[in-house]
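Colleague: Protein chains in written order, with our numbering: chain H, 37 to 170; chain C, 265 to 327.
Treat the hints loosely; a few may be bogus.
Listed next, with one range per pair, are the computed distances between beta-carbon atoms [stated by the list, open to error]:
| # | chain 1 | residue 1 | chain 2 | residue 2 | range |
| --- | --- | --- | --- | --- | --- |
| 1 | C | TYR323 | H | ILE170 | 42 to 50 angstroms |
| 2 | C | GLN327 | H | HIS137 | 18 to 26 angstroms |
| 3 | H | ARG168 | C | TYR323 | 45 to 53 angstroms |
| 4 | C | THR297 | H | GLY132 | 40 to 48 angstroms |
| 5 | H | LEU159 | C | PRO324 | 37 to 45 angstroms |
| 6 | C | GLN276 | H | SER130 | 44 to 52 angstroms |
| 7 | H | ARG72 | C | GLN276 | 33 to 41 angstroms |
| 8 | H | GLY132 | C | SER326 | 23 to 31 angstroms |
| 9 | C | ILE316 | H | ARG168 | 35 to 43 angstroms |
| 10 | H | ARG168 | C | VAL279 | 31 to 39 angstroms |
| 11 | C | THR273 | H | LEU110 | 23 to 31 angstroms |
In silico contact screen, one side only, chain C against chain H (beta carbon under 8 angstroms); selected entries [claimed, not checked]:
| # | residue |
| --- | --- |
| 12 | LEU269 |
| 13 | ALA277 |
| 14 | VAL279 |
| 15 | PHE280 |
| 16 | PHE281 |
| 17 | VAL285 |
| 18 | VAL287 |
| 19 | THR288 |
| 20 | PHE291 |
| 21 | LEU292 |
| 22 | GLN295 |
| 23 | SER296 |
| 24 | GLN327 |
If you are wondering where the hints come from, they were derived from the structure by calculation, not from laboratory data. We put the beta carbon where it would ideally sit given N, CA and C, even for glycine.
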Amino acid sequence: MEEAIKKEERAGSAATGIAVAVAGWIVPGLGHLLLRRWGKAAAYFVCVGGLACAGLAMRGGVFSWGDPDLFDRLGFFADLGTGGIYFCAHWIQSAGSDVAHATGDYGTRMFATAGMLNLLTVLEAFEIGLGRRI
Amino acid sequence: MSALLGSLTHFQAMVFFALTVSVTFAFLSKQSTAERVKYFLWAFVAFLMVAIGIGWLMYPFSQ
Chain H
37 MEEAIKKEER
47 AGSAATGIAV
57 AVAGWIVPGL
67 GHLLLRRWGK
77 AAAYFVCVGG
87 LACAGLAMRG
97 GVFSWGDPDL
107 FDRLGFFADL
117 GTGGIYFCAH
127 WIQSAGSDVA
137 HATGDYGTRM
147 FATAGMLNLL
157 TVLEAFEIGL
167 GRRI
Chain C
265 MSALLGSLTH
275 FQAMVFFALT
285 VSVTFAFLSK
295 QSTAERVKYF
305 LWAFVAFLMV
315 AIGIGWLMYP
325 FSQ
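Isolated chain C, as found in the complex (with noise of 0.2 angstroms):
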C-alpha cells in the first residue's frame, strides 16, 4: 500500500483528498442521498477547480 500511494502523481493524490474530503462533508451536512450526490458532486469539482486555479496563478512565479 505504501509503494502505491508513495507512487502517485501530484494530482492523483489532490483527486484522493478531494474524494474522501467531499463523501465526509456530503453525509455531514445534507440527510437525503439525492442532497449527498448533489453536494458531493459540486464540493469534488469546486475543490479540483479551486487547485487547479491557483495552480495556473502560481504558475509564472516558478518559472
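Bound conformation, chain H alone (with noise of 0.2 angstroms):
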C-alpha cells in the first residue's frame, strides 16, 4: 500500500515538469512549492533570492545581452538563471551599480551565482515533476 502511495506521488508527466521549471525560474523555490516540498521550496527561497538581492544591494553588476564582451555575455546568462529578479533588478537596485568598489564586485559574483544556483534548483524541480526524482 505504501509503496503503491510512492509510486502514485512519484508519477509525473512533461507538462508538469515544464510547468513547475518555469515557476522555479521566475520565483526561487515556487516550482517546489507547488511540488509541495515545503521545506526545499522555503530553503531555496531565502537562499537564492537571499544572495540574488543581496548582490544588487551590494550594488553588483548586472549584465545584458547588449555587452560587447563575451566573459559579460556568459554572465548574462547567470545572471538570468535568476529569473524574475532579473527583470525587477533596476527596480530593487534603484541606486545603480558600483563595481569599482570590492563590495560591487561582490556583488556581481553573488548575483551570478544565484542565477546559477537558481538554474540547478529548475532542473531538480523539473526531474521531480517528471517522476524521476523524489
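Taking the hints as your guide, dock the two standalone chains into a single complex.
Modeller: Okay, structure coming up:
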C-alpha cells in the first residue's frame, strides 16, 4: 500500500515538469512549492533569493545581452538564471551598480551565483515534476 | 538593506556567500535532514578554509 502511494506520488508528466521548472525560474523555490516540497521551497527561496537580492543591494553589476565582451554575455546567462529577480533588478537596485569598489564586485559574483544556483533548483524541480526524482 | 550589506567586511560577505551556497547544495544533494546538516557543515567549513588558505597563499604577492 505504501509503495503504491509512493509510486503515485512519483508519477509525473512532461507538462508538470515544464510548469514547475518555469515557476521555479520566475521565483526561486516556487516550483518546489507547487510540488509540495515545503522545506526545499523555503530553503531555495531564502538562500537563492537572498543571495540575489544581497548581490543587488551590494550594488553588484547586472549583465545585459548587449554587452560586447564574451565573458559579459556569459555573465548575462548566469544573471538570467535568477528569473523574475533579473527583470526587477533595476527596480531593486535603484542606485545602480558600483563595481569600482570591492563590495560591488562581490555583489556581481553573488548575483551570478544566485542565477546558477537557481538553474540547478529548476532542473531538480523539472525532474521531480517528471517523476524521475523524489 | 543596501547600507547594511554595503558595509559588510570581506570576511562577512564571504561567510554570507558560503552559508547560502552550502544550504542550497545540501538541499539539492541530500534527502534526509541528518545528511543535509552534515553536508552543510562540511561544505560551509570547506568554503571558509579554502578561501582563507588561498588568501594566505596570495598574501606574499600583495606586498
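Colleague: Determine for every hint whether it applies to the structure shown.
Modeller: Against the structure, the hints:
no., hint, result
1, TYR323(C) / ILE170(H): 42 to 50 angstroms, "holds, 46 angstroms"
2, GLN327(C) / HIS137(H): 18 to 26 angstroms, "holds, 23 angstroms"
3, ARG168(H) / TYR323(C): 45 to 53 angstroms, "holds, 47 angstroms"
4, THR297(C) / GLY132(H): 40 to 48 angstroms, "holds, 42 angstroms"
5, LEU159(H) / PRO324(C): 37 to 45 angstroms, "holds, 41 angstroms"
6, GLN276(C) / SER130(H): 44 to 52 angstroms, "violated, 24 angstroms"
7, ARG72(H) / GLN276(C): 33 to 41 angstroms, "holds, 35 angstroms"
8, GLY132(H) / SER326(C): 23 to 31 angstroms, "holds, 30 angstroms"
9, ILE316(C) / ARG168(H): 35 to 43 angstroms, "holds, 39 angstroms"
10, ARG168(H) / VAL279(C): 31 to 39 angstroms, "holds, 35 angstroms"
11, THR273(C) / LEU110(H): 23 to 31 angstroms, "holds, 29 angstroms"
12, LEU269, "holds, 4 angstroms"
13, ALA277, "holds, 5 angstroms"
14, VAL279, "violated, 12 angstroms"
15, PHE280, "holds, 7 angstroms"
16, PHE281, "holds, 6 angstroms"
17, VAL285, "holds, 7 angstroms"
18, VAL287, "holds, 5 angstroms"
19, THR288, "holds, 5 angstroms"
20, PHE291, "holds, 5 angstroms"
21, LEU292, "holds, 6 angstroms"
22, GLN295, "holds, 7 angstroms"
23, SER296, "violated, 11 angstroms"
24, GLN327, "violated, 19 angstroms"
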